Structures are given as C-alpha cells and as structure tokens.
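The chain contents come next:
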Amino acid sequence: MFEPFGRLWKQAPFRSTYDAVIVGGGLHGLATAYYLAKNHGVRRVAVLEKNHIGYGSAGRNTAIVRANQRTQENIPLYDEGLKMWPQLMDELDFNLMFFNCGNLNLAHSEAAMGALRLQVASAQYLGVRSELLDRKQCKELIPHLNISEDITYPVFGGMYHPPGGTVRHDALVWALAKGASALGVHIHQQTEVTGIAVHRGRVTAVETSRGTIHTLRVLNAAGPWSVLVSAMVDIRLPIHVLPIQAMVTEPLKPFLHHVISSGAYHCYANQSLKGEVVTGAHMDPWISYGTHVTAHYIKHQAEALTELLPCLRGVKFMRIWGGLADMTPDMAPIIDGNDPIEGYYMDCGWGYFGFKSAAVTGKYVAEYMATGRCPKILQPFRLKRYEENRLLGETASPPQYGPWN
Amino acid sequence: MSFTITCPICGKRDLYEFRFGGEERGARPDYENLTPQNWCDYVHLRTNRPGPQREWWFHRDGCGRWFTVWRDPMTNRETASSEATR
Numbered sequence: 001m002f003e004p005f006g007r008l009w010k011q012a013p014f015r016s017t018y019d020a021v022i023v024g025g026g027l028h029g030l031a032t033a034y035y036l037a038k039n040h041g042v043r044r045v046a047v048l049e050k051n052h053i054g055y056g057s058a059g060r061n062t063a064i065v066r067a068n069q070r071t072q073e074n075i076p077l078y079d080e081g082l083k084m085w086p087q088l089m090d091e092l093d094f095n096l097m098f099f100n101c102g103n104l105n106l107a108h109s110e111a112a113m114g115a116l117r118l119q120v121a122s123a124q125y126l127g128v129r130s131e132l133l134d135r136k137q138c139k140e141l142i143p144h145l146n147i148s149e150d151i152t153y154p155v156f157g158g159m160y161h162p163p164g165g166t167v168r169h170d171a172l173v174w175a176l177a178k179g180a181s182a183l184g185v186h187i188h189q190q191t192e193v194t195g196i197a198v199h200r201g202r203v204t205a206v207e208t209s210r211g212t213i214h215t216l217r218v219l220n221a222a223g224p225w226s227v228l229v230s231a232m233v234d235i236r237l238p239i240h241v242l243p244i245q246a247m248v249t250e251p252l253k254p255f256l257h258h259v260i261s262s263g264a265y266h267c268y269a270n271q272s273l274k275g276e277v278v279t280g281a282h283m284d285p286w287i288s289y290g291t292h293v294t295a296h297y298i299k300h301q302a303e304a305l306t307e308l309l310p311c312l313r314g315v316k317f318m319r320i321w322g323g324l325a326d327m328t329p330d331m332a333p334i335i336d337g338n339d340p341i342e343g344y345y346m347d348c349g350w351g352y353f354g355f356k357s358a359a360v361t362g363k364y365v366a367e368y369m370a371t372g373r374c375p376k377i378l379q380p381f382r383l384k385r386y387e388e389n390r391l392l393g394e395t396a397s398p399p400q401y402g403p404w405n
Numbered sequence: 001m002s003f004t005i006t007c008p009i010c011g012k013r014d015l016y017e018f019r020f021g022g023e024e025r026g027a028r029p030d031y032e033n034l035t036p037q038n039w040c041d042y043v044h045l046r047t048n049r050p051g052p053q054r055e056w057w058f059h060r061d062g063c064g065r066w067f068t069v070w071r072d073p074m075t076n077r078e079t080a081s082s083e084a085t086r
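Those protein sequence lines, which keep their order, are chains A and B. Position 212 of the first sequence, counted from 1, bears residue number 212 in the UniProt record's numbering, the numbering being contiguous throughout. Position 76 of the second sequence, counted from 1, bears residue number 76 in the UniProt record's numbering, the numbering being contiguous throughout.
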C-alpha cells in the first residue's frame, strides 16, 4: 500500500540547445513549461532556477485563491484560474488541497462599501459569484468577528466571494514539476542566468552559470528578480520590488471557516487545514531585495487580528517569514512578447496576485510562446499600456493602495 | 533587526518613521521635448538597482523634511550618510 518515496521529477542532463528557456523555477515558469509540453508539443524546454524550485514567492505566499478582482480585463483570467484547481488535481494526479472556503472582504466605511458595490457588480456582470453583506451577515458568517463600535475601524459590511479559498502552494510546485518533468521538460536548479544574447533584434542564447544555452525563445518569469533579468536586454519595467511579510499562529481548533481580509487594517487571515491562523498583508513600502522580518510588523498584525477576532488574544505566533513582491502601478501584471526583441517573452509584475493566477497564466503564456501570437485574454497586460496611459485600474483608491502605503 | 535612516535634521531614526519616496530618477523631462516614451520612462519605469542607490525619503513622523540617502536594497542598510537637499 505504501511505497517508498521516489523523486517527483528527474535530474536532467544540461543541454546546449533548447526550443524554449524559462528563467525562474517558480509557479509561472513551471506552469508555462508544463503547458508548452502538454498542449503544444514543445518538449525541449529548460526551466532555469537560481536557487531551488519554489524557493521564492511560490513557497512564501499565503496560498489564497480568488477571482473577485475589480476590472473586466483581470476578472476573466482569475475566474478561469479558479475553475482550474479541481481539474488540475485530476490531471496532475496530485492532491493540491484545494479548500473552497470562500473569501470575505470587510468594509469599514460607507465609501469602502461603495467600492465593494462596484466590485460585486463587475463580478456578477462577468458571471463570478460575489455578494454584498451587511455587518450582521458578516457576523453570521464568522461568529468570532468583532462587530462592535469600540474598535479602531468598526466593521460596516463586507463582500463575500464563495468560489474562492486556499490551495497548498508547495503541492502546486511539486505537482507542476512532476507533470512537466514527465513530459520531458528539464528542470535545472542552482543555475543562474547571467545574460541573454540578442543578435539583430532576436534572442539567440542564454548565458548561465553552467554554460551557454542556444535558444530562440526565452521567458522571463523570475518574479521580483524579473527587473534584473529584464535589464540584461535593456528593458526597464514599471515595477517596484517591495518586501512583504506573513506569519502563522500556533494551531487552534477550527473556528475560522473562511478567508477574511480587511483593507483598512492591512490584514488578512485564514485558518489552515492544520489549524494555524495564516495571516499577512502588510508590505514594507521601500525597495528591498532582502526577505527580512520586522518586530514592527508582528505588532501591527497582532493589533489588527485581535481587534477583528478578539478570541485570538493571547495566542502565540509560531513562524514569520518574508518574501518579495514585484508591484506595478496598476496592480496588474506585465505579459508581453516579441516586443521589441523577437523571442523575448515576459510574465512578471504580479505583485500579490502571482499565486492564484499561476496555472491559468502558464497555460496562455505557453500558447503565446508556441504560436507567437498573444491570446486575447492576455492582450490587456502588455508593457506598452503604460506609455499609452491605459493603466488597468485594479486599485480601488490609489492614494491608499499604491506601492508606498 | 531594526532598520534606520539618517535624517539631516533629526539624525538616525527608526525607518518606520519615514515614508519612502522612490529611487532618484533625475530631473522631470521638460515640456519642450515631451513624448509618451520619455514621460512613461520618468513616471513609471524603475531601475530597482541591486546595490547602493540614491533615493528619496520623507520624515513623516518627525520634522517633515524631504531628503536623499544612499542605501543598498540588498542589505537594507544606508551606505553613506544622508545629505540635505534644498
């Protein structure tokens, strides 16, 4: 019944030529490699990872999935991504622990309620389940929620999004690596990209710490490091690399059955299947490549959590960790290719949203790389939008949710 | 671990007292030669240098001064003392 654990993915020989090279062994890179091999028959694909796969944001996010974005360009992508989880579990034959618990976003003022009303209207128009709740309905959903008037930001109401939930993030890394490797994709860990060779406006090779790889297609899926990969081909990006922290409490009996979040408190929380309360959201508002953690933030999170969920008073935090987020001014990603360098593709600038979108984006970026034509669903995310002043308006109120706050 | 920034007026203070104003990106392009490209370059595009860079800070919870410091985003440490700007 129980077999000894085998390796999920194979050690592959380092070849000097590949049909496509993916920079970054995170979820977007692995998903793209998997779909290149599976849907498009491009099997000579290398995924290059400086550290080990899942080392960066793939293993540091708080594993929440949802599709209650704000704009008509973003919602369809996240909606399709959300519907893929049950199907992916079958397809990859791996338990991704998709827990469809629903997300509750709290509003603490009439104005915030107005912003949520717009978000709910957009969701419903595009066929995504999302509804407005008043304060009492929020309390019915989360009996431990504090809806009294004597806290810093009393709860006014909320937006409930039933299709959302959580997915085990490491399982997704392992499952995609396993699936891609089985289809012939080479995953090279401890392999750092040091340069990208361009000849007459097209990509010809990738220089790595283990030698040169000749290829005509490169995808920059390096997450926060994508700005540095991009600098290798002299493309500057509208990205700020900001550090973000998250933490978990000691395990508790099940009491919180939904993902709960609050913009005013800069806090979100959900109870993992192990019973730990996973909480995060605060982002240090300065550029950093260090994954530090700070006492300031532990205090902030403890204050926010115990005001919203007073039953957590006295509960201890067990672990805290930091990661990096590649934030764009409009909180939407940059997905582009063949412009201005033929064969150079990018899938970056995901900020907070890289986890929930990884599988679906990988599917479409693979199509983009295989055919050279941008799928319709990805067209709004091209880099030129900043020059054309067509930002996507994913932030409800830029002064409050911009990169500096 | 705590991070600090040196304000030209208040001296070395906890970094959380300050507001980050972004990397130094030169002068605002003048209206004479303004194109969508160089405007986008100035407003949106960033270098995110992985080493010491000159950047702007504002002492929000202190004296209210804007100034520049040299700081390394790899280590989150100041690399040289801050300088006052006019």
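I should point out that these hints are in silico values taken from the structure, not numbers from a laboratory. Treat the hints with caution; some may be incorrect.
Computed from the model, here is a short list of chain A residues facing chain B with C-beta under 8 Å [stated by the list, open to error]:
1. Trp174
2. Leu237
3. Ile287
4. Cys311
Sample of chain A residues lacking proximity to chain B, with all beta carbon distances greater than 12 Å (derived) [claimed, not checked]:
5. Arg15
6. Gln124
7. Asp170
8. His214
9. Ser230
10. Asn338
11. Arg373
Computed from a predicted structure; not experimentally measured. For each residue, glycine too, the CB sits at the ideal point set by N, CA and C.
The hints, checked one at a time:
1. Trp174: violated, 29 Å
2. Leu237: Result: holds, 7 Å to nearest chain B Cβ.
3. Ile287: holds, 5 Å
4. Cys311: At about 28 Å, which exceeds the 8 Å cut-off, the nearest Cβ of chain B leaves the hint on Cys311/A violated.
5. Arg15: Holds: least Cβ distance 29 Å, greater than 12 Å.
6. Gln124: holds, 32 Å
7. Asp170: holds, 26 Å
8. His214: holds, 27 Å
9. Ser230: violated, 10 Å
10. Asn338: holds, 19 Å
11. Arg373: At about 25 Å from chain B, Arg373/A clears the 12 Å cut-off, so the statement holds.
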